[in-house]
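Knowing the structure of chain A, use the given hints to seat chain B on it.
2 protein chains.
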Amino acid sequence: MAKVSPEKLNIHFNPYNVDTTAKPGSNLMEAAVAAGVHINASCGGTGVCGTCKVLIRKGEVESTRTKWISTKEYESGIRQACQSQIISDLIVDILPESRMEKGVLLREKKQMAAGAAMSLADGWSFDPPVKKLLVTLPQPTLEDNISDLSRLLKGLKQQYSLDNVLLDTDLLPKLAGVLRDGGWQVTVTTLLENDSYLRIVNIEPGDARARHYSLAFDIGTTAIRGQLLDLNRGKALAQSIEYNRQISYGEDVISRIVQSQKAGGLKKLQWAVVATLNDMIKIMTAEAGIKTVDICHLVVAANSVMVQLLLGLDPKYLRLSPYVPTVNNIPLVRANILGIELGEHAYLYTMPLVASYVGGDIVAGVLGTGLYQRETVTLYIDIGTNGEMVIGNSDWMVTAACSAGPTFEGGGIKHGMIAAAGAIEGFDINPMNYEPIIDVIGGERPKGICGSGLINIVATLLKAGIITQNGKFNTALQSKRVRKGNDGYEYVLAWAPETQIDKDIIITEVDIDNLIRSKAAMYAGCQTLVKSIGASCSDMEHVIIAGTFGCNINIENAVTIGLLPDLPRERFIFIGNGSLLGARLTSYSKDMLRDGRRIATMMTNIELSENADFMDNYIAALFLPHTHAEVFPSVTIEKGRAN
Amino acid sequence: MAKVSPEKLNIHFNPYNVDTTAKPGSNLMEAAVAAGVHINASCGGTGVCGTCKVLIRKGEVESTRTKWISTKEYESGIRQACQSQIISDLIVDILPESRMEKGVLLREKKQMAAGAAMSLADGWSFDPPVKKLLVTLPQPTLEDNISDLSRLLKGLKQQYSLDNVLLDTDLLPKLAGVLRDGGWQVTVTTLLENDSYLRIVNIEPGDARARHYSLAFDIGTTAIRGQLLDLNRGKALAQSIEYNRQISYGEDVISRIVQSQKAGGLKKLQWAVVATLNDMIKIMTAEAGIKTVDICHLVVAANSVMVQLLLGLDPKYLRLSPYVPTVNNIPLVRANILGIELGEHAYLYTMPLVASYVGGDIVAGVLGTGLYQRETVTLYIDIGTNGEMVIGNSDWMVTAACSAGPTFEGGGIKHGMIAAAGAIEGFDINPMNYEPIIDVIGGERPKGICGSGLINIVATLLKAGIITQNGKFNTALQSKRVRKGNDGYEYVLAWAPETQIDKDIIITEVDIDNLIRSKAAMYAGCQTLVKSIGASCSDMEHVIIAGTFGCNINIENAVTIGLLPDLPRERFIFIGNGSLLGARLTSYSKDMLRDGRRIATMMTNIELSENADFMDNYIAALFLPHTHAEVFPSVTIEKGRAN
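Protein sequences, first through last, are from chains A and B.
Going left to right, the first sequence walks through residues 24 to 666 as the working numbering numbers them.
Going left to right, the second sequence walks through residues 24 to 666 as the working numbering numbers them.
Rather than coming from a laboratory, the hints here were simulated on the basis of the structure.
Treat the hints with care, since some could be wrong.
Which copy? The list can't say, so a pair holds if one copy fits it or any two copies do.
Calculated cross-link-like contacts (lysine to aspartate or glutamate; reagent style DMTMM-like; alpha-carbon spacing at most 25 Å) [as the list claims (entries may be wrong)]:
1) 613 to 186
2) 90 to 116
3) 31 to 83
4) 339 to 193
5) 177 to 218
6) 197 to 337
7) 503 to 96
8) 613 to 418
9) 339 to 204
10) 180 to 216
11) 503 to 364
12) 554 to 166
13) 339 to 191
14) 76 to 120
15) 154 to 458
16) 285 to 204
17) 291 to 230
So here's chain A without its partners, still in its complex pose:
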């Protein structure tokens, strides 16, 4: 006889087929997060974005109706998850537009496995900062009865010339047993603590060198990418990519910071990212067939906000002028103290930060590209919600970051979505009738537009004369695709019956305006940085486009809208996920670890947020491709063609 407990209600989430339980009165969004079910929530659960729509198929919730839910939707059982309190057992359908599909992530995972993120850095030797050393010790006698630790340190000195070795205090209780169990032969795991010291983080009886693994993670605001590395062979054994569970608390770093200021918010955000890492560790160790206890190192590259949330450091001051991080050179932290499910001996190395908006992901990216090793001047661009850029060579580096807004991730766009299955990415136009030719990720019916798709759409609309250089629709155009809607003029990309969402998918003047602002910020950032060193864009001998988003953009279209500078196309290099690459190299090589620290120190950060030049450059860039046409000579807009 099943007993119904009033303290525990059952919830089933479709289409993921996930069952969970929750307390009566608890929040449906929180229950989903706790169960690892992703529901879009751009606003971080404040109810103002309307992206977290679910259908309550069975059971009851108590939910406020906001303007995002139409009367018809409300009657059919559609609610905002973040606004719903659980009253009874539930069966919940997450609506297509509220889902995060893994299609694109899986596509990217295949690229990762194929080594898509190529390395340009060279000259480093395989010499991991974490080592396993076999030590054979003489058995103690009455004439030689120094302490167990002294014997071990003496052995390390004699056999490996190691001085200045520290021991983790909590290894002491097992030291005597391990030495004797191993018959005075033990495997010692050493970790590079700093330039002066090695830390002994583990001791195992006998020869345990064969099992020696590490993890590299790129913790993005949206997705986390990870690799399980074999530190004996220097190769990746497994890869994983998952959405950062923090997404349920807001899409961008600012909404995460806002969330962290609520009671218990910081803890929740920390838990969300740690839970994602734990999921990924389970997946990768299972795939590689290894035990988590044999993992002794993690390298994490992430932006400053992600780093502070992972470490449980209040990120408040990152967004308040003068934008101060708590710490740039993050000390080693024992992973399990943060809740990461690894042995006590596994330490987390965090790639150093440069500033509030130039994080360890950029340092890792620059490390991986080898930018800092060459004499030629390179421009490195990471396009995203926060755009980061670096210019430099082996002697100097300047860096800056600008807030590009969520446009490139599909945010702030009427039908925007992240680059997942159902997103319109490829776009062309039949010049005869202005009918669109769309290419949807996953090959299914569309449900929205992703960032790279948006660039392609706007560039194509511009070249076709459907929009003008200030981003307004050519209202003289004879096409049923162009029409006046609630947000001004709009273009219909797909009619409701062709979509998954039973609504016309459109792009509006507001959307185009948002893209123009975003690309203007990126371009103005690069321009300001270039001018700060007394150069011009054409002096950049290489332009490295980093990031998964960068990988998927079309260079011609990006130049056409004025996102990227108009340079000979062969100067552009796609590096893929440079951040993960840099983290992996750091796990493989002490040289690279030291280089990463040096890069962070070398970088001069230029704050753009209150910079007058940046504002001027930004205003000049609020045009397609730019107010000063001469800086985009290769872009020819056939003015009035559509008239």
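The following block gives chain B in isolation, referenced to the frame of chain A:
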């Protein structure tokens, strides 16, 4: 209506008036330990010593009767606590001979407060290894927005020329808040990590320098002595002395090691010493009127077994040949990890060990005496269950330890007891009628004999001709005080009606034999050590007698029985509790901390346990004062005087 829970029985201990609860079937001794009630238990609760007698005044226990309980005692309700399982609510009287009285400890506490432990070390400057530094930082601006930690480290470098500073990782979460709460003025607590690094262990907003305290502890096998120190003024604010709660698990280090090998034994022993420290911390902070959160350092001096038990390190190998400690240079440990109730920033510094039986107490003692600073050769002796001795000067030091047995602590003696209220300490004899003149600690009726008393008794009996030089009674003597008992001949020190225990208090030939073995071990140890450096006892320019026990012995009597070498009496110096003194100096001075480390490294330990010379010397010393009378020229035994 009170509800009787079968899971919880009430126990009341007399005469301490302590109430506690215990589960049915649990051990009465364990319940007493948990409640902080001391019951003597020499054997560590195995039932073989019979020292833990209690009277079950009310209620029921299930208890095995051993040979230690007479039929009459058993019928009157007397049981061994360690052999008793609790069946019902109890009222328990701890019998006088099973009690540990605090009389002597209180006497010693007064001596401590009066500075009885004088320091012979000099040339050190007051410069504690833990410091509070006030740092004033420039407020960040857009032009100067380095991380909070970088700003703090830069301030420390500019204002205090400090380089190589590490930060405790778990201070990071509060760093941003503290800096801003303090208006960019903060108090940083730094701890000397090693010769290269300082560790920041605490940060407080504003100027918190006024509250800056530390603790020094001498953790003895029997008693723990502690002082609360003001690190601004360099003075002790409070003292405390308590029995080590581990006593309930056995009187000497060997029985503690045996106990530690039982399931959960190590944890229990660790808990017992930590609980004692916590009691003492409460007492001292209350007395001084300070908060525990303002204590940021502890220095502990202890023998190797006490150190390993405190740190939770299995002491097994300390007593097995070749006698190897786990660690000699004990790394800093966060006190609260061990269960010591102090803030997270309070670190424990443990005086380094030399060998299994030459511990940090000896290093601390040598430090306090300044032995290592002088060119003259000094013999340092710590008399106890384990006798330790050091010979050396500023260039070299040799050390040895021998097992003297528990005699000096009153163990293994028919009416032996520790030097507490009721112990016969002073002793003389009326030469006319061989009647004793006894002096009892606390001035009350006697209940036993303490170690210093035993020395006085045997020396006096020897000089009076009541015993011979081989420790046997002169049976020709006409006195009702000398009689034949169960253990051979004996001398009655007090008749039953004059005592607290309603039995004649006697000294037997077995007792005398035990003392001879103990003093022979001590003397042979010194002799072997002296010979190992090619010297003789008379080359010792100073003889320092360390330890509280040492303080209470009578030099003449100790020389008479051959415990101490027969040297000009002015060469003897009593240092009192040298161990606590050394710990205190270490808390006051980096120089002294470094000197302590140097002393431990300088000392060459000579293992006596399997040393042939030592055995020869030992056998020759099994005589009063010695087989070779010529080495004790000042001792004249009036042979046959009593005949």
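Taking the hints in turn, this is what the structure says about them:
1. 613 to 186: both (17 Å within a copy, 23 Å between copies)
2. 90 to 116: within (20 Å within a copy, 78 Å between copies)
3. 31 to 83: within (14 Å within a copy, 46 Å between copies)
4. 339 to 193: For residue 339 and residue 193, only the inter-copy Cα distance (18 Å) is at most 25 Å; the intra-copy one is 34 Å.
5. 177 to 218: both (20 Å within a copy, 19 Å between copies)
6. 197 to 337: between (36 Å within a copy, 8 Å between copies)
7. 503 to 96: neither (27 Å within a copy, 111 Å between copies)
8. 613 to 418: Classified as within; 21 Å inside a copy, 43 Å across copies.
9. 339 to 204: between (50 Å within a copy, 14 Å between copies)
10. 180 to 216: Result: close both inside a copy and across copies, 17 Å intra and 21 Å inter.
11. 503 to 364: For residue 503 and residue 364, the Cα distance exceeds 25 Å both inside one copy (57 Å) and across copies (77 Å).
12. 554 to 166: between (72 Å within a copy, 18 Å between copies)
13. 339 to 191: between (33 Å within a copy, 21 Å between copies)
14. 76 to 120: Answer is within: at 8 Å inside a copy they meet the 25 Å cutoff, but 79 Å across does not.
15. 154 to 458: neither (61 Å within a copy, 76 Å between copies)
16. 285 to 204: between (51 Å within a copy, 20 Å between copies)
17. 291 to 230: neither (41 Å within a copy, 34 Å between copies)
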